[in-house]
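In order, the protein sequence lines correspond to chains A and B. Residues in the first sequence are numbered consecutively from 1, following the working numbering. Residues in the second sequence are numbered consecutively from 1, following the working numbering.
Hints were generated in silico from the structure; no laboratory data involved. Don't take each hint at face value.
For identical chains, the list gives no copy identity; a pair is met inside one copy or between any two copies.
[Unchecked claim] Simulated pairs of lysine to aspartate or glutamate, DMTMM-like, Cα-Cα distance not exceeding 25 angstroms: (1) K199 x D22; (2) K207 x D36; (3) K113 x E55; (4) K167 x D141; (5) K199 x D8; (6) K207 x D150; (7) K199 x E44; (8) K207 x D141; (9) K167 x E148; (10) K113 x E179.
Protein chains: 2
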Amino acid sequence: MADKDVRDIRRTYDHDVLLEEDAGMDPFALFSRWFDQALASEMEGTAMTLSTGGEHPSSRTVLLKEFRNGEFVFFTNYASQKGQAISNHPNVSLLFFWQTLQRQVRIQGQATKVSEQESVDYFQSRPFESQIGALASHQSDALVNREELDQRYEDLLEVYRNKTVPKPDHWGGYAVIPERIEFWQGRPSRLHDRLLYIKSGNNWQRKRLSP
Amino acid sequence: MADKDVRDIRRTYDHDVLLEEDAGMDPFALFSRWFDQALASEMEGTAMTLSTGGEHPSSRTVLLKEFRNGEFVFFTNYASQKGQAISNHPNVSLLFFWQTLQRQVRIQGQATKVSEQESVDYFQSRPFESQIGALASHQSDALVNREELDQRYEDLLEVYRNKTVPKPDHWGGYAVIPERIEFWQGRPSRLHDRLLYIKSGNNWQRKRLSP
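Using the sequences and the accompanying hints, generate a full structural model.
As structure tokens, then:
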């Protein structure tokens, strides 16, 4: 096993600054601006880390599929590891790390299932092959080998060719309703700008954190 | 607040495959190979999401500073939010998402402090300005405004000009000792390859997971 010392790898973060007068008091408006910029410059601007809690926290990348009414929506298999983790611990965190912009957005909030209709609508909007892929995969269960998955996929392709693929029962969306949103802009000498918004009733309080 | 529907943004993951015969039984050897490739092709190959658990999981990006003896080392302020979270819940997760390679590595394990000497050695290897930045920031505490931080930084620059900057008492490294490591390679039609290694005594067990 090769050991690897990468301690001298560091970038200077000097792309932008984040000051109170530009940030404003509405974290969703700020998120929208940053998100638009990320979509224009990032390879995977919609990618976010979803972390679930408890004694054994777990993280994976998911794609943000909708941002609406201050809720962050993604879709998954409710019976997957992450679905079970959310069922046990509905408080989750989301993290966007937009490298080209030297920015992070850290979100903490509660995940709740979206309506069955919304899940059906989104599932029907996906490409046929992705629908079949979702059907073929018993997410997070063990497989004997790759061929087992490929065979199931091929079989289902034949079954549903030229038909509407039904949304699997255990497949659907979650909306994360944030309680805390932190915006992080990298700055030189590790003196990064951090603005934290905390929900307070129907309003948001904002404070600057030490980097 | 602008709502944003990005449901039709999706990439086809077709860069590579991850099969058992190539992966082998040693997750550290596989990590080393993938890490080398990430360093060659990613803007921030050492960047990883550190997630802490409990009832309110929290995530942030940190930089991997050393990978040695199967341990993943990063440095921070022990008194920061993340230091306190680790103190309360030493089980953490790490996530590398290497977009150019369409790969993720998900790690779960326990974080333990590295030796004081190792922390001193690394601190002394950092650029002078970053050392002063660490000294100037009472990490995660609130600041009145940006100027408060800049002024403290400027003052400390003068104090330590041409001197050795002492490592702050509360600053140091953590080594994460993994219990589970999952390698994820994106594949078309969401039929991704996932190989999970689980520590079992001194050995690792490997299984393929449904995507």
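Here is what the structure says about each hint:
no.: 1; hint: K199 x D22; in the structure: within (20 angstroms within a copy, 48 angstroms between copies)
no.: 2; hint: K207 x D36; in the structure: within (24 angstroms within a copy, 39 angstroms between copies)
no.: 3; hint: K113 x E55; in the structure: both (23 angstroms within a copy, 19 angstroms between copies)
no.: 4; hint: K167 x D141; in the structure: within (19 angstroms within a copy, 47 angstroms between copies)
no.: 5; hint: K199 x D8; in the structure: neither (39 angstroms within a copy, 30 angstroms between copies)
no.: 6; hint: K207 x D150; in the structure: between (51 angstroms within a copy, 17 angstroms between copies)
no.: 7; hint: K199 x E44; in the structure: neither (28 angstroms within a copy, 32 angstroms between copies)
no.: 8; hint: K207 x D141; in the structure: between (43 angstroms within a copy, 10 angstroms between copies)
no.: 9; hint: K167 x E148; in the structure: within (21 angstroms within a copy, 54 angstroms between copies)
no.: 10; hint: K113 x E179; in the structure: within (17 angstroms within a copy, 31 angstroms between copies)
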